[in-house]
Every structure is written in C-alpha cells, then in structure tokens.
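Peer 1: Model the full structure from these sequences, guided by the hints.
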Amino acid sequence: MQRRDFIQFSLLGIAAFCSAHSFAASSRELPDLRFLSSVDTALGEHFIVAANSNGRELFRLPVAERCHSGCLHPNAGQAVIMSRRPGKNLYVINILEGTLDALVEAGDGFHFYGHGVFSEDGSRFYATANHYPSGAGQIRVYAADDGYRHMQDLPVGGMDPHELRLHPDGQRLVVALGGIKTHPDYGRIKLNLQSMQPALIVMDRHSGEVLQHCEPSHHQLSCHHLDISRDGIVIAGYQFEGEKWQTPPLIARLDTNTGDFSEIALAEHEQAMLGNYTASVAINPHSTVAAITAPRGNCVMLLDYRSGQPMGVVSVPDPGGVLAERDGSFVVSSGHGGLYRVRTSATEPELITHHTLRWDNHLTRA
Amino acid sequence: MPSLSNLSLRTLKWGSTALLAASFCTSAWAQAPREAWHGALTEGYAALATSTANLDQAATTYCATPSAEQREALESAWFSAFDSWQAVRFVDFGPIEQDNLSWQFQFWPDAKNTVARKVNLWLGGEQAIGIDQLRADSVAVKGFPALEYLLFDPQAARTQPLPEKRACELVTAISSLLQHNAAHLQEQWQAFRPHYLGTEQFQNTTVLAAMHGLDILRNKRLAAPMGLEGKPRRNPYIADAWRSEHSLAGIRASLVGLQQYFLPGLRELMVDAEGSELVERLDQQLTATIARLEQQPADMQTLLANDDGYRTLQLIFIEIDKLNQLLSGNIASQLGIIRGFNSSDGD
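Just so you know, the protein sequences line up as chains Z and Y, in that order. According to our numbering, the stretch in the first sequence is residues 17 to 382, in order. According to our numbering, the stretch in the second sequence is residues 225 to 571, in order.
These are computed hints drawn from the structure, not numbers from a lab. These numbers were taken from a predicted model, which means no experiment stands behind them. Glycine included, every Cβ here is placed at the ideal spot set by N, Cα and C. Please note that the accuracy of each hint is not assured.
To be verified - Using C-beta positions, here's what the derived DEER-type ranges look like:
| hint | chain 1 | residue 1 | chain 2 | residue 2 | range |
| --- | --- | --- | --- | --- | --- |
| 1 | Z | Leu59 | Y | Arg341 | 32 to 42 Å |
| 2 | Y | Pro456 | Z | Pro149 | 32 to 42 Å |
| 3 | Y | Gln558 | Z | His229 | 19 to 29 Å |
As the list claims (entries may be wrong) - In silico lysine-lysine, BS3-like type, Cα no more than 25 Å apart, as pairs:
| hint | chain 1 | residue 1 | chain 2 | residue 2 |
| --- | --- | --- | --- | --- |
| 4 | Z | Lys104 | Y | Lys546 |
| 5 | Y | Lys546 | Z | Lys197 |
| 6 | Z | Lys206 | Z | Lys260 |
| 7 | Y | Lys336 | Z | Lys206 |
Peer 2: Given below as structure tokens:
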C-alpha cells in the first residue's frame, strides 16, 4: 500500500469525504489527542508515525534515520520532528496531508539533539544543537515563516542542550543541559563523564541572555527532559551517569516565578525503582499532576507538580513518550509497541492498543 | 520486581515492612544465579587483569631489549589479552560502564579510521608520551585497537616502526593503561558485589547483556563484513581485529567467554526440566560453534576473498544464528525477558 493510499484509508475509517482539513473536520469524532512519534520496526526501519490516543495510526512517513522529538507549529498545520543525536535533519511535516514539506539540515559543524520548540506565533523555531568542533551547546534559531532560514545561534553556556520548552510568557526558553560531550566521530560515546556540568537554564529567547542557571546536586545528573506548567513551574528529569549503586534524585522542580530550584527526593527503594534514568516529562494542564517515564525501571512516576509530592508509580513496560489528556489522564508509549493510558486513580495502566513497532522516546502533540 | 512495581507508593509505604520480610525469605534462591555470575565473572576479570599485566610486561621487555623473539612474545601477549577481553566483552553493566571503560578497552566500530589517525598524531608529534597524557586523550588511542595498529599495521610501521622510541613509548604507555584499567575493573567488580546480589533487576540485565553481546557478534562482527547487514558488499575492514587477522579468533574467544562466564548463572536460573534442557542445548551449540571456528584455516579477510571461503563463513553464520535464536528466542521467552527499546538505547 502506498503511503498516500494508507493515509486515505486510515482517515476514511474516521470520517467520510476526507479533505485536506480532515483532521480539523473530524475533531468531533476523534479523541482530543493526536501525536507524532518516531518509531522503529522490528526490522530496524525508521518512520515518523502519526496516531491518536485511541491508538489509531493516521499516517507514517519513512525516514532514513532514527528520529527523536519535535514540536507542533501553533497554526500552520505543520509539525517539526528532528533526527536523533548526532543527527543533522529537521523534518517539517504537513500533518494534514501526512507528507514531508521540507528537510532542513543542521549546517556545517552542527548536529541536533532531537528537540525543538516554536515561538507562540510560529514565526521562530528554536532547536538544541551541538557545535561539535568546540563542543559548545547552542540554540539554533530558524525563521519558520521564511523557509526555516537560519537566523542566529544562542549559546547556552554549557554542553549538550537537550530538551527545551517555551515559557508560558512566550519570551523565555527553559533548556535542559545534559552536560555530556559527544562528537560525531565517536558516534554516541560520552566523552566527559568525569567532568560533565549539567544544568537547567532559563534564557531570554530574543537576547539569548541566560537568566537563571541551576545545577543538579551531583555533576553526573544529566538533565535531559522537562515540561513547564501554565503557571510557570518546570519539572525536569535527569539521567544519572554515575555509579549504579547510587540512587540520587532524578526529578527537579523549578518555580520560574520565584526562581526556587529544588530536587524531589524519594525514599531509597522508591528511588531505586526508577533505574537512575528518566525519559519524558509531561505536566497535565488540566490537573496538578506531572508524569515522568522511567524505561529502565519499567514504570511511570506521578507527582503533584505544585507541591512536589510523589503520588504513585504505575508499572508500564519500557515506557518512553508521555502526553497529557484533557481528562487528566496520560497517554504513555512503550518500546514494546503498546500505547497505555495512565490515571492517577489507578495503580495499573490501561492498554489502549498494541502495534508491532517500537515507539521511540517521545510523543509530540499534533 | 513486577510485583513491587505494580504497587503505588501509597501501598508501598504501608506494605514495606511486609515486603522486606518477604524478600529476606526469598533472597537465598533468588540470589543463586547472580552469585554464580558474579563468581564466574570474577574469574573472567581476573584473567583480563593477568593477561594485560603480561602484555604490559612483554611491551616493557621488548622495548628494553628488542629482538624477533621478544616481538613475537609481545604479539602473542596482545592476542591473549585481547581474547580475555573478548570473553568478558558482553558485560555491559556494572563497573565497566564507568568512565567509558568498555570503549577504552576497545574503540570499535571505527568507520572513520580514528584509531590510526589518533595514533599517527602521537607518533608524529613531539609531546611527552605517558599514561597520564594518554588518559587525557581520546578513547580511540587507549586500548587494544591502538596497540593492534602499532603492532600489525604496515601503515604505522611506515610512520615509525617499532622499536623506535616514540612507537615504543606509545606501546608501553597503552599497555600500562590497559593493565591499570583491568586491575581497576577487577577491584570494582568486587565492590559491586553487594549491589549486584541485592538488586533483583540485575538478573534480567545479565541475560540481556549476553543477548546483546551475541547480537553484536552476529550482526556487526560477522554479518556486516559478509555484506549481510548494511551495505551488501563484502568488507573485512569493518570487522574487529582485522589488522591482526584475529576477527574470527576474537569471535571464538567471545563464545568461550559466554560458555565460561554466562552459562553457570543461567544454569542456576533455569532449573526446571524445560529450562535445563534449553541451557544444555545452548551449551552444546556453543561447543559446536567454537569447534567450527577452530577449524578455520584463515581469517575473515582471506575467507571473504573467494567463494569457498565465503561458504565457510556462511556455515559459521548459521551456527551463530542458531545461538541467537536459542538465547534471544527460546530462553528469553522462557524467562519472560523482552528487550527494552527505550531502556537500552534512549537519549
């Protein structure tokens, strides 16, 4: 089946007379949440898949490399998905048609880390990148309203900027710095585990000024992922690069209103359940709950982001991506192919559906 | 583990005392496989420490009193140390994860020929050569492939042949670093013991490490040079240890390692009739594959060069594929182990 046929087939199942506006037109019949995710098949082929939270696949685009995460354009019917470290491509996807609109390369001496974010009006796109000859982390700024022309680079003052989010004020960026040095010549090898300097920073997206720089409690707590609430509270997830037998805190909380930065420590056995590694963070805008996926611990941690209090751990095999639903629940994707719904009221996840593919680290709202 | 993670934290807080009591009761049998693995790998890491110490000694002796005989002794010490590394190479958890130790022992794959580039920089430079200077440099220059390049590659000899001063300084510094790293690893493996035995997750981690090691062996070390994976073109240079014509011997050493250091714990883990039958089949298949590898008249490069040789490699591939099917198929499914995608290679 050709991709176009497949898209039409998928959408026909949802609403008759699919037009280019089928996503919008069929919103009454569809669940609220649609998303994009990078996936691998069992044979190791790479795709970007669009699906909804009923588990229905809407389209899939073949890509040459493993991709990571991205961002929905606020109004253009587009989303950007980025290749995975040390990849060099930014895929601009028409989410109405299920087609690739453009492919933008990182530029000489740069590779992306796999995350990006749009400004509120969609005119700018900010992508975390490595200037690998120097190892300096940069935010590459693109004119999304002008064919993704590269405009400038904003240095983050450290290495390995990974996920970033736009602050609800529309002016600031919050960036997780992993602190890990890599170079494409060495693939994905981490070159500075003894001297890494991770951080969580807040940056002015216009001037590039770093307004706040928070350091994790251990220099090997690599700050990778985050989400920010409507009221400006950041929850960030770490990956610990130190000795296996240590169980340092893995979740940080930053109140951007007051500048208060803290870490959420769990009891030792609870901390150990996370396997020293977190993948995705999602804050539910319809509740006070944040979800953090922990694939090495095969679980999803729920916490009250306002108080910082842990609420529970739900067992999900190999969880990667997580997105909040309007009803307060979360959709979680698994590397084993399952899509799950996780609720704060239940200790077990609900299996929504299972695909014979591997959902990669993140779900990107579409 | 599953029963623990199914519980919410609220439940855990109330039920932790009962759970702890239960875990004491079950700890004796549950730890048995990990005790066997830890013990076996203690031997494996000790063998690596001894063989790298011998290598270090052979390098020092050769460079102090160079002769054809000492050169042969040095090369033979490299083969033996490389093989003892291959035997424990499947272990991808624990102290080996620290400070890129695994990469320091063997930087591979090396698609861009970084090893040669880095070693040539040292050979052609004027900076002092010592273990501390090497520590500060790239992983590509710290391990077995860098030594292999110096010992076996004519290109290195054209730049500066052994036993000339800088080449010798580099060979002794790399050997010394290997020996230090192996001794450190051996020591840390002992420090790791309580955590390894006390953490149930390591049971699956250890099986997954062997599965992963066999996958790399089949797909990257054998299928890829045969043109069966990636580019459909025969290419001996993407195998490991091609410079010393030791690619197949290295594969053999890895299989011997699985037999010596992985099977004992697996035997403790799979004690029912069906389980022990599967372990027995894995053992026999390992023995058969090792025997086939020992019969090879030449290394990968020669065998890839003609169709008869290629057929020989195909037969090896079939045997190794059977090993993979047994371990990643039957045994993993019997143990309920599913390989994680996000957990094993996330970002």
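Peer 1: Determine for every hint whether it applies to the structure shown.
Peer 2: Hints, one by one, checked against the model:
1. For Z/Leu59 paired with Y/Arg341, a C-beta distance near 34 Å keeps the hint of 32 to 42 Å intact.
2. The hinted range of 32 to 42 Å is satisfied by Y/Pro456 and Z/Pro149, whose Cβ atoms lie roughly 34 Å apart.
3. The hinted window of 19 to 29 Å between Y/Gln558 and Z/His229 is violated, with their beta carbons roughly 51 Å apart.
4. Between the alpha carbons of Z/Lys104 and Y/Lys546 the distance comes to roughly 38 Å, so the proposed pair goes past 25 Å and is violated.
5. Distance hint between Y/Lys546 and Z/Lys197 is unfulfilled; the C-alpha atoms sit about 39 Å from each other, more than 25 Å.
6. For the proposed pair Z/Lys206 and Z/Lys260, the alpha carbon gap of about 16 Å is at most 25 Å, so the pair holds.
7. Among the hinted pairs, Y/Lys336 with Z/Lys206 is consistent with the structure: their alpha-carbon atoms are about 17 Å apart, no more than 25 Å.
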